[in-house]
Amino acid sequence: MQSHRLAPPTRRQVLGAACALALPWVDARAGAPLTRRIPSSGEALPVVGLGSWITFNVGGDTAARAACVEVVRAFFAEGGRMIDSSPMYGSSQPTIGFALAQIGRPSALFSAEKVWVGDGARGPAQIEASRAHWGVSRFDLMQVHNLLAWQEHLPRLFEMKAAGQLRYVGITTSEGRRHAEIEQVMRTQPIDFVQLSYNLLDREAEQRLLPLAQQRGIAVIVNRPFREGALLRQLARHPLPAWAAEIDCSYWAQVALKFAVSHPAVTCAIPATSQVAHLRQNMAAARGRMPDAALRSRMARDVAAL
Amino acid sequence: MFAPRIYWRLFESLNLAFWPLHAGIALAGLAWLGWVGRDGGVPGRAAARAALVALALGWALSGWAFLWHRLAPIHWLAAYIAPLFLLQAAALLALALHGAVQGQHDRLRRAIGLALLLWALLLHPLLAGLSGWPWTQAEFVGLAADPTAIATLGLLLMLRGPRGPMRALWALPLAWCMLSAATLWTMGSAQGWVPFAALLLAAAAGRRGGHAAFAEGGTRDHGRAR
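Chains as they are written, first to last, in my numbering: chain V, 1 to 306; chain U, 1 to 226.
Hints are not guaranteed to be accurate.
Per label pair, the in silico range of CB-to-CB distance [unchecked claim]:
| id | chain 1 | residue 1 | chain 2 | residue 2 | range |
| --- | --- | --- | --- | --- | --- |
| 1 | V | Glu-204 | U | Ser-131 | 35 to 45 angstroms |
| 2 | U | Pro-83 | V | Glu-70 | 32 to 42 angstroms |
| 3 | U | Pro-162 | V | Glu-70 | 50 to 60 angstroms |
| 4 | V | Arg-208 | U | Leu-77 | 26 to 36 angstroms |
| 5 | V | Thr-62 | U | Ser-131 | 22 to 32 angstroms |
| 6 | V | Pro-155 | U | Leu-200 | 44 to 54 angstroms |
| 7 | V | Ala-132 | U | Met-178 | 54 to 64 angstroms |
| 8 | U | Gly-132 | V | Arg-289 | 35 to 45 angstroms |
| 9 | U | Trp-193 | V | Thr-62 | 24 to 34 angstroms |
In silico contact screen, one side only, chain U against chain V (beta carbon under 10 angstroms); selected entries [said to hold, decoys possible]:
| id | residue |
| --- | --- |
| 10 | Met-1 |
| 11 | Arg-5 |
| 12 | Ile-6 |
| 13 | Arg-9 |
| 14 | Ser-13 |
| 15 | Trp-19 |
| 16 | Ala-23 |
| 17 | Arg-45 |
| 18 | His-69 |
| 19 | Pro-73 |
| 20 | Ile-74 |
| 21 | His-75 |
Residues from chain U shown here face chain V by an in silico Cβ test under 10 angstroms; the list is partial [claimed, not checked]:
| id | residue |
| --- | --- |
| 22 | Phe-2 |
| 23 | Ala-3 |
| 24 | Arg-70 |
| 25 | Leu-71 |
| 26 | Ala-72 |
| 27 | Trp-76 |
| 28 | Leu-114 |
Derived from the structure by calculation, the hints contain no laboratory data. Note that beta-carbon positions come from the ideal geometry of N, C-alpha and C, so glycine has one too.
Here chain V stands alone, though its shape is the one from the complex (with noise of 0.2 angstroms):
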């Protein structure tokens, strides 16, 4: 059995406890969205993010991907920053670097990736090829899908954040598989974020990994939040509950959103969607009140019942 003991906090593990307790909410300006510090460097984020699984996979249907194009515009439009993909997505970095390209690529973006292959050797192409898709310079975060060949990709990857051709580093799981070596892995790796998979029913990372994520001053990004869609659809056949005004919700996906990203270890949620009407909707759920501890076990109890 591995030992988990851990080091004494570093400078940095300090600074992210800092950001997450003492500065949960950074608001820089009236209306702007929410936003959370990445524990490794100080940088805010809006807690509300963009993801493209599914969503932005359309392959050549062009009238698919002037949707995704308004999406992308709507995003940036609402303060949105973080957008996330990986090779695995399809067609979604294509339609991604298309949108950008189409919007006049908003110094905002905050381009998150994923290296998914098995040979590690293999790696740095992927990377190319999926920045050529986006039309970036660079990527701010790449991240290794689903924890595959992290043992090869992560040192080339730490190289190149060091040679300056990424900003930060991190890992992925999602719908709770592999908790236990995601855990290692935050422990023994100098990673900035993790991904993992967090809703108002999938609430296993609270018990480990968010508070080893605050402890060790990771930053957190939420996978799945409305749980591809089943979520809220099976939240839909339900009125909203009365506290859903008391942290100014007024759909159901505010509500899933609001309650992943107050918890305390998390940075930002990242959504996926087709439709400008439900960005709206999930940005909005990056302003306005939050749910404090009370409400959130409230709102985890009641969503569970229904």
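Position chain U relative to chain V; hints supplied.
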């Protein structure tokens, strides 16, 4: 993965690109069935070869136009399967040219084969509309992969020929039906049951009389065993 609406729109794009080839395919298919009907429902050598050539063209077109150009951008696996479609086309063509094929005399196999062919030609295109999708997204034999695979299974049931090549020709249609069923189910589409049912039906019918049913002379074995 991809959104169901994007998947179904692939067929719309395919249909727009190749219209009115669909009508020609359906008419040719019906003409072939009429030809076989005049021969007592048992395809003769010329009819068998003609059908093999037609389906070879269908696999090639479906592999190139559907899998490679339309499905592969949203489904990475399709890029690896598309060349197999071309191999299947080449194998069908080789068998047609070889010429050692003739009609299957086992009535039940032939009837099931005919049912699958009719389904693929005439009924499968109706599924889009019946499922609430636009009719422009209908799937046609020779363009879309599912009806092409189902039609091929039907034809193989109606024919007999050299054991090795005939067996080899079953592999990809069966595998595609399984993969397509899994894909459709993953998308939440009940249409996944169609290729799955075709797979089960064809496999069950193909096994009539044991493995020899796939081989030259399979008819003798059926008569003996049952």
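Status of the hints after comparison with the structure:
1. Separated by about 37 angstroms at the C-beta atoms, V/Glu-204 and U/Ser-131 satisfy the suggested range of 35 to 45 angstroms.
2. A C-beta distance of roughly 37 angstroms is found between U/Pro-83 and V/Glu-70, which places it inside the suggested range of 32 to 42 angstroms.
3. The hinted range of 50 to 60 angstroms is satisfied by U/Pro-162 and V/Glu-70, whose Cβ atoms lie roughly 57 angstroms apart.
4. A hinted range of 26 to 36 angstroms holds for the C-beta pair V/Arg-208 and U/Leu-77, which are about 35 angstroms apart.
5. Against the hinted window of 22 to 32 angstroms, the Cβ-Cβ separation of V/Thr-62 and U/Ser-131 comes to about 24 angstroms, which satisfies the hint.
6. With their beta carbons about 49 angstroms apart, V/Pro-155 and U/Leu-200 fall inside the hinted range of 44 to 54 angstroms.
7. Here the CB-CB span from V/Ala-132 to U/Met-178 is close to 35 angstroms, at odds with the stated 54 to 64 angstroms.
8. Remark: the range hint 35 to 45 angstroms for U/Gly-132 to V/Arg-289 is upheld by a beta-carbon distance near 41 angstroms.
9. Between U/Trp-193 and V/Thr-62 the beta carbons are some 32 angstroms apart, a value that agrees with the proposed interval 24 to 34 angstroms.
10. Interface hint status for U/Met-1: upheld, as the beta-carbon distance to the closest one in chain V is roughly 5 angstroms, under 10 angstroms.
11. Of the supplied interface hints, the one on U/Arg-5 holds, with its beta-carbon coming within about 8 angstroms of a beta-carbon of chain V, less than 10 angstroms.
12. For the restraint placing U/Ile-6 at the interface with chain V, the shortest Cβ-Cβ distance is roughly 5 angstroms, inside the 10 angstroms limit, so the hint holds.
13. This hint holds: U/Arg-9 has a C-beta 5 angstroms from the nearest C-beta of chain V, less than the 10 angstroms allowed.
14. Taken as an interface hint, U/Ser-13 checks out: its beta carbon lies about 7 angstroms from the nearest beta carbon of chain V, inside 10 angstroms.
15. A cut of 10 angstroms between beta carbons decides the hint on U/Trp-19: the least distance to chain V is about 18 angstroms, and the hint is violated.
16. For U/Ala-23, the shortest C-beta to C-beta distance to chain V is roughly 25 angstroms, which exceeds 10 angstroms, and the interface hint is violated.
17. For U/Arg-45, the interface hint is violated, the least distance from its beta-carbon to any beta-carbon of chain V being 42 angstroms, above 10 angstroms.
18. Checking U/His-69 against chain V: minimum C-beta separation of about 8 angstroms stays under 10 angstroms; hint holds.
19. For the restraint placing U/Pro-73 at the interface with chain V, the shortest Cβ-Cβ distance is roughly 4 angstroms, inside the 10 angstroms limit, so the hint holds.
20. The restraint placing U/Ile-74 at the interface with chain V holds, with a minimum CB-CB distance near 4 angstroms, inside the 10 angstroms limit.
21. A distance limit of 10 angstroms between C-beta atoms decides the matter here; for U/His-75 the minimum to chain V is near 6 angstroms, and the interface restraint holds.
22. Using the Cβ-Cβ criterion of 10 angstroms, the hint placing U/Phe-2 at the interface with chain V is satisfied: the shortest such distance is roughly 5 angstroms.
23. Hint status for U/Ala-3 relative to chain V: holds, with the closest Cβ pair at about 6 angstroms, below 10 angstroms.
24. A distance limit of 10 angstroms between C-beta atoms decides the matter here; for U/Arg-70 the minimum to chain V is near 7 angstroms, and the interface restraint holds.
25. A cut of 10 angstroms between beta carbons decides the hint on U/Leu-71: the least distance to chain V is about 8 angstroms, and the hint holds.
26. About 8 angstroms separates the beta-carbon of U/Ala-72 from the nearest beta-carbon of chain V, less than 10 angstroms, and the hint is met.
27. With 10 angstroms as the threshold, the beta carbon of U/Trp-76 comes within range of chain V, its nearest partner Cβ sitting at about 7 angstroms, so the hint holds.
28. Given the 10 angstroms rule on beta carbons, the hint for U/Leu-114 is violated: about 36 angstroms separates it from the nearest Cβ of chain V.
Violated hints, listed in ascending order, are 7, 15, 16, 17, 28; each of the other numbered hints is respected by the structure.
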